[in-house]
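So the chains spell out like this:
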Amino acid sequence: MTAPLIIFFVLAALAVGGALSLIFQRHPIHSALSLIVVMVALAGLYLLLGAEFVAAVQIIVYGGAIMVLFVFVIMLLNAGIEEHTNFSKLAGFPGLLLAFALTGFIAATIARSTDTVQAASQPGNMASTRDLSTMIFKDFVYPFELTSFLILVAVLGAIVLAQREKA
Amino acid sequence: MGSLFQGGHLLSILIFFPAVGSLALLLLRGDDHVFIRRIALIVSVAEFLFSLLLLRGASFTSGDYRLVEYGQWITSPPIHYHLGVDGISLFLVILTTFLTPISVIASWSSINHRVKEFFVMLLMLEVGVIGVFLSLDLFLFFLFWEVMLIPMAMLIGIWGHERRIYAAVKFVLYTMAGSILMLVGIIWLYNATGTFDLPTIQQMIQTGTLVLEPRAEMLLFLAFFVAFAVKVPLFPLHTWLPDAHVEAPTAGSVMLAGVLLKMGTYGMIRFCLPLFPEAARRAAPWVAVLAIIGIIYGALVALVQPNLKKLVAYSSVSHLGFVVLGIFAFRTISMQGAVYQMLAHGISTGALFLLVGMLYDRRHTFEISEYGGLATPMPTFAAFFLVAALASMGLPMLNGFVGEYLVLLGTYQSHWAWASCAALGVILSACYLLWSYQRVFFGEVTREKNKTLADASGREKFILVTMSIVMLWMGIGSTYFTRRTAAASQAVIDLVEPQRPFEARVTRDGRSVGQPVVSGTNTSPVAQTSSTAKGANR
Amino acid sequence: MIPTNYYIVLSAILFGLGVLAFIFKRNIISIFMSIELMLNAVNLAFVAFSQAMHKLDGQVFVLFVIVVAAAEAAVGLAIIILTARNRQSLNVERVDLLKL
Amino acid sequence: MFPRTDDLLRALPELIWCGFGMLAMLLQPFVRSRHFFTVLALIGAVAGTAAAFVAGATPGEGFYGLIESDVFSFFFRLLVGLVAVLVVLAADSYLERENLPFAEFYALLLFATAGMGVLASTRELLTAFIGLELSSISSYILAGFRRDSTKSSEASLKYFLLGSFATAFFLYGIALVYGATGTTNLSRMDDADPGSNLLKLGLALILIGIGFKVAAAPFQIWTPDVYEGAPTPVTALFSAGPKAAAFALLLRIFASVPAATHFWFWAFWVLAALTMFAGNLGALLQTNVKRLLAYSSIAHAGYILVAFAAVTFMANDLNGGATPAYAAVLFYLLSYALVKIGAFTIVSEIGGWGEKNLTLDDYAGLAQRQPVAAAALSLYLLSLLGLPVTAGFFGKFYIFKAAVNSHLIWLAVLMAINSIIGAYYYLRVIVVMYMREGSAEAMAVPAVRFPVAVNVVLAVTAIGTVYFGLFPNQVLNLILQPNLIAR
Amino acid sequence: MPILEHLWIIPLLPLLGAAVNGLFGRTWPNKIVNSVAIGATGLSFFTALEAVREFFLLSPEQIPWVRQYFSWIEAGNFRAGFDLQVDQLTVVMLLVVTGVGWLIHIYSTGYMAHEGGYYRFFAYLNLFMFFMLILVMAANYVLLFVGWEGVGLASYLLIGFYFLRKSAADAGKKAFIVNRIGDFGFMLGMFLLFRTFSTLDFVKLFDKATPLSAEPIGHLGTLTVACLLLFMGAAGKSAQIPLYVWLPDAMEGPTPVSALIHAATMVTAGVYVVARSHVLFMHAPTAMLVVAVVGCATALFAATIGLVQTDIKKVLAYSTVSQLGYMFLACGVGAFSAGIFHLMTHAFFKALLFLAAGSVIHAMGAEQDMLRMGGLSKKIKWTFRTMFVGTLAIAGIPPLAGFFSKDSILLSAYQSENGDPNVGHILYAAGLFTALLTSFYMFRLIFLTFFGKERYDEHHVHVHESPKSMLVPLAILAVLSIVGGWLAAPAFWGKPDYFAKFLEPVFAAPGGTEAGTAEAVAHALEWPLAGVAFITALLGGFAAYWLYLKKPDKPASLAHFFGAAYRTLLHKYYVDELYAAAIVRPLMWLSTNVFWKTVDVSIIDGAVNGIAEGITVVGDGTRRTQSGNTRSYAVWVVVGAIVIVAVIFWPHVRPVLGVAR
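Residue numbers (this note's numbering), protein chains in the order written: chain X, 1 to 167; chain V, 1 to 538; chain R, 1 to 100; chain L, 1 to 487; chain S, 1 to 661.
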């Protein structure tokens, strides 16, 4: 049991635990916080995988921007404890069961079929951020430009939807 | 098969002239009813005259198609604008163009709201029907087949009576249910042959370049047959007919009974038999049984109808049964009879519906019990009604007889049992027609309203006289028609089962030509027919 | 070293938990969070694969995904605010005007 | 490292659409005139559509193989462009009636169109994902565009939540495919091992994601709600644009990934069957016309999936056996888009302020009140019903043909049955319009005189429907070629 | 040969009359109408006479004289032409029809003078003449069938002439439908014949049939079946058991109609057809036997019913049925010429009787019940005299017509040995007994009507003799009824029976039972049998005299004594009731409740609507999945995911969809 493996398991446990608590926390704020935990854990895993740039972005954008946005909205709408209605029969036990089934299946399939990939895997040599940027601005310039429009749309949407009725 | 557009565009004109007419109507203002009616009448009459040109346009001494029009329409899959007329379709077209003006006149005063739309629909209906009769490309055929649906539904649904909407929807769904499967069948056939062109496929089958394996052929046959059987309508599929007829306005019923039902039997003759002879042969007994059930059953149900129009409707079920029987007996004579019966039924039943409609115009009911003793206030009308009834029950010298007689005679040649059962229909038709006639026209006038009913008006007289003359003519001068239909129907029969002359049959049955079936010690007719039937099905 | 499929399986589990959460949670915001959870799971998979195959594009994808997630978050939260305004509840089950 | 001109040319339509979208946004503070923006958006949409020809004129791959400019993308760009144009025209009067922010609307519309354009032209999954998001997010916003309407916002919410839920699946699918093949570029997956379960799973998840977008049962579940809640012109857009784009992507994926071989037709077989029935049966009892059309669009997605089953069935047939099936999909999408936009436009016009009159009763006696509208709507319905001399008929015909061609007789029969069921409720609308007398107050309502723009929409759609119903040749010659999708 | 070349003129004339009267007669005064009608018939009568004259100039090989005018139906190897034929048989029928028909037309002008619908009546009557002439002149079965159905139509119209009376309308309908039942057989007969000989022209067909050897008795060969089917038609038209029921009801029509159609001409069409097809029948002894037996039975049966009827026309009706039975008996035993001979004489005296009865009714003011008559002999002398002649004739008192014809029938019956030597004697006995009954009920009629005390009150009914227009035809017919039989008289002195001799070329064709061998035997038996017949006739007459003049109260007591039998007879053996109960009502019930209400409405339509219902229900279910709850929606997505994954990864779920292949 090497050190990285231990770290991996710790982080994995952290992530899963965060996810679970996201589910079981009754208050959105707590859910949000547990989600942040997950993200941080994932960031750790990225580092472990030698993708430090991604890890950084993960912390900054996700943990920083997005989650803050969440918390902000929760505060804005001062959402309280979520009420446990069960209007949806389907989403009760059967739903959860199905979800488990799906998850189990996907996980199992992957576990059985990633061996090929795994063979190729060896100690993560750090990917240089330069290569990354060249890739973004050369190979993927088109989608990159598109994302800019995407952001534009988002802004636009936020304005259109969230702005108060003009009196 | 013709080069590009040989023999002028008469057929195209026939198909699209009414469409042009209806477009013209659409552009008119909606409120000047008289003018609209006049236009409609002019258009339909002109159309009728055009159709008469067919008789000059070509001779029908051989089975192949005349006045063929052939042009590329859709490149992939190769669909052609392929029209043609032969002896069978010839008179059906003329029947259509003849009945349309009649219906126009018939609805002259009975249609008063949304007049424009009415005549537009009527003409569009004509377009669809004529298209069906003239198109030689499976795809084109199907196209017209479906096009005809909506105008008819509209006629029923907008200008019909109480339960019109139910009837209209039922009509459309019934027909679609059949035809959609036919579409699948058509496509299947295309995959097998690579063409939608009817004559080409026929040649393929004749020359043996196309051989369908029995199961597929049977399925295809059924796909087509069911669609047609619904239209005919054949026994278990007939229940849309009474509703449609009872609810439809007079003109609608006339077109429906006069022409639309024929599309079904026409389809059988034109597609089921030539394209799938083997399957047709195997299915024949079942079809015949259904047809016979239809004949007797329809007659019996008609017998007890309290509703005059429903009675006539069920009588159609019975009469069309004869046609189907005639087709699937695979005898030249019976086929001829079937074709003739189609025309005859179109006229006589059309006339009956017209008469019933005229009664409705006066009293606004179809209940027989509402009438009685009408012969006193309206003798002329009663006389015409009697003529129509007699024609419909197949009295010699009137149109109904020839068809029925030939069908039965022909059928008897190979299947004496079928013919014998079917012949019961002749008795029953007399029963229900005479009984209803008596209840409507004979006896004292019971209802106060009926005492003052007006006799046939000038316009009505005109219609009725025309119809009666046609009935009489078809009853006496049948050869005028049969000589033109003969070749075509013979051709169809030859495809299904080539007919041997009688003597040949006898010799094959091991008897000398001189002494036919009745030599000293001979089998009972049953045995003989079975033997001959076997022979026929060889 | 750590086998790649550990990561992938983990991502699968996280993804599944996201699905689970989506079904389980009632509060719209939490549901949205569970979507973010699923996206994170995807990211993990991407990174793991790219690392395993010595290809950088996997990480590029992650960046794109994060951007998209941000955009979605903006719009989503706007929509949530709108909804909260229109009917004073964040319970997704109470948002069922449109049915049948 | 500025991209080469050809690349730009090959992406020109999207760029133009986005450009005009931006323009609209920028001018929004300064210009108050609605017509200005309408014209602007119109120009933008048309220009983009025209640019499709430019792009089509420079075939080949662009941006290092991320996008492909071939007949396929040409066709779909034209299609979505046409949709955009029509929706702009249809929306104009609607926006005024409901007094909604028009600049933003058009901007979003153009961005969405751009997204669809990307989906139509991309050959790489990540780009596809971006395009998908571009169109989806715009759609989420557009769905909720009538802020003060609870229905609208609810539609927006549902669409957003479920949409991103599905997107997550799609994305995970991409991840797995990437894991299995080491690339996300569809044209570089040839050496991937088709048997790999990872790949299968990835494709399956992608199928789920796209299946959601195209409203394939049981992912269709969101469709009726969203379609009903969204502003009607937007509904028109949804039913025509994004669906077509999503189908385009699906088609491209399953056309070019070797691993997506024969046996996938099973999946499509199931989806198709489920979808057809879900749509038609659901529509059977609808009294809300808008919702009815929504269900019908599900049903039609089902029909298209039948063609997909045929496509995948023919996947192994290398000598262009699948070509007719492809053509069937494309032609159907075209005919269907025309009809749906026309129908929804009429619905939005009849709906009146606040979309009040949506139920069948409001359509009773429409034939007398507004003969033209009634006639047009019946034409569309008949096309949906698949009656001859309408484009819908040929569409259905080709799908039948494709199905029978692939020996999917039973699927064809199922489709036939569904056509009958469908016929029932389409007819019901026609019946109501023509054969029922309108209620007193309904008849009292003065005939709505349609704005010019709307009339243009109706004219284009109606004429198009009839024209393609009679002379489908040009379109067919375009889409019926083996190298429809460049490999 | 002007007329023989243009035979079509003969039937066409009445048709023209019918057309003219029918179309325009409505507004015309009676004078013009009846002059048109009588003119048309008379003309065709004289044309017929001319035709006959020319016919006698023909050389034997020119007979049968067939003229083809135009081809009516053509299909495949089937051709039915509008071909007319004249041979000896036709000549007889032609003269009877046109002659008697003309007389009756004349009579009608008087009888119908005060009726409404005068023009209609004569139009129908002429129409009937047309079809009847077609029937007798047709040269093939199909054209014959035209006349056959046509006369049916005419009789339908004429029976229903007083259509305001329900009974009349019913009777007309009944007549037509019962006839249709017969026609059903007739048609099948034609079909079978065509299948066997592939032609329906008499000449060709009989030429083909002649060389065939006769089918052994008791054997259902093709010809036997064909003949039986034809006979079925004949039975319908000529009111034989079991299809006789329509004829008595047919008396609802005006009396001249009863005389012309239901006594003289139409009802004998059946006999004519059998005689016409004698070639076939000669080859089918079984059929012959059936014909003979049925005929004999009918004769006896109808006669018994005739005994107790009190309606003067009903009595005559049943006597007609019975006489027709005689004719079939004749045909059945191969004495075709005898049958035709009786047909002719019967036409004379039965027409006479009916017309006289009509005159009586006319005199009594539409009273038909004999129980309300009596003692009329003084008041209406001529009517009485003529009618008495008729009675003598039918009763078979020599030397009147009936005696000779009936005698020759009995004779042939006595000789016939078809199948069993005793058959002949049985038939003879039955026939003889029938003769007894006949004379009884006829004299009963006379005595009840003309003798005894008046059983009506003079105040209401003032009896008056009929106009000339009615009496003249009576007189002529009376004369004919007297002399009509003398053609056969020479047979008693060993000389040839002229009538038989005349018809010989027609009937002598095949087996040769006619003439030849029979002659010798006949001569030996001639006198004794004739004597017997004469005595029976007298017996019958005397019985009637004794019962109805001497002891007028006797009949009542007798009736009371044989209560059951009497009632049975009075109700015509309850045959109508039987038919109603056994056929009509069940059929109606079946059609209404089973076919229409159950099969059509419940089962078929029920199924159709049921399917629609079912789909709607399912549709509602599908709608319910649209709960509007986003969480459920999410679950649906998951479900979908699982479905797809399952289909892709577990091949063994695919065969569930195996139908896809």
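It should be emphasised that the hints constitute simulated quantities derived from the structure, not laboratory data.
C-beta atoms are modelled at their ideal positions from N, C-alpha and C, and glycine is treated no differently.
Just so you know, not all the hints are guaranteed correct.
As the list claims (entries may be wrong) - For lysine-lysine, the following PhoX-like pairs were computed, each having C-alpha atoms within a straight-line distance of at most 25 Å:
id: 1; chain 1: L; residue 1: 151; chain 2: R; residue 2: 55
id: 2; chain 1: S; residue 1: 31; chain 2: S; residue 2: 468
id: 3; chain 1: L; residue 1: 356; chain 2: X; residue 2: 89
id: 4; chain 1: S; residue 1: 166; chain 2: V; residue 2: 451
id: 5; chain 1: S; residue 1: 166; chain 2: V; residue 2: 449
What the hints assert, rightly or not - Over 12 Å on every C-beta distance to chain R, these chain S residues come out as not near it, computed from the model:
id: 6; residue: 556
id: 7; residue: 564
id: 8; residue: 614
Run the structure past the numbered hints and jot down the numbers of the failing ones, going up.
Result: hints 1 and 3 break, sorted rising.
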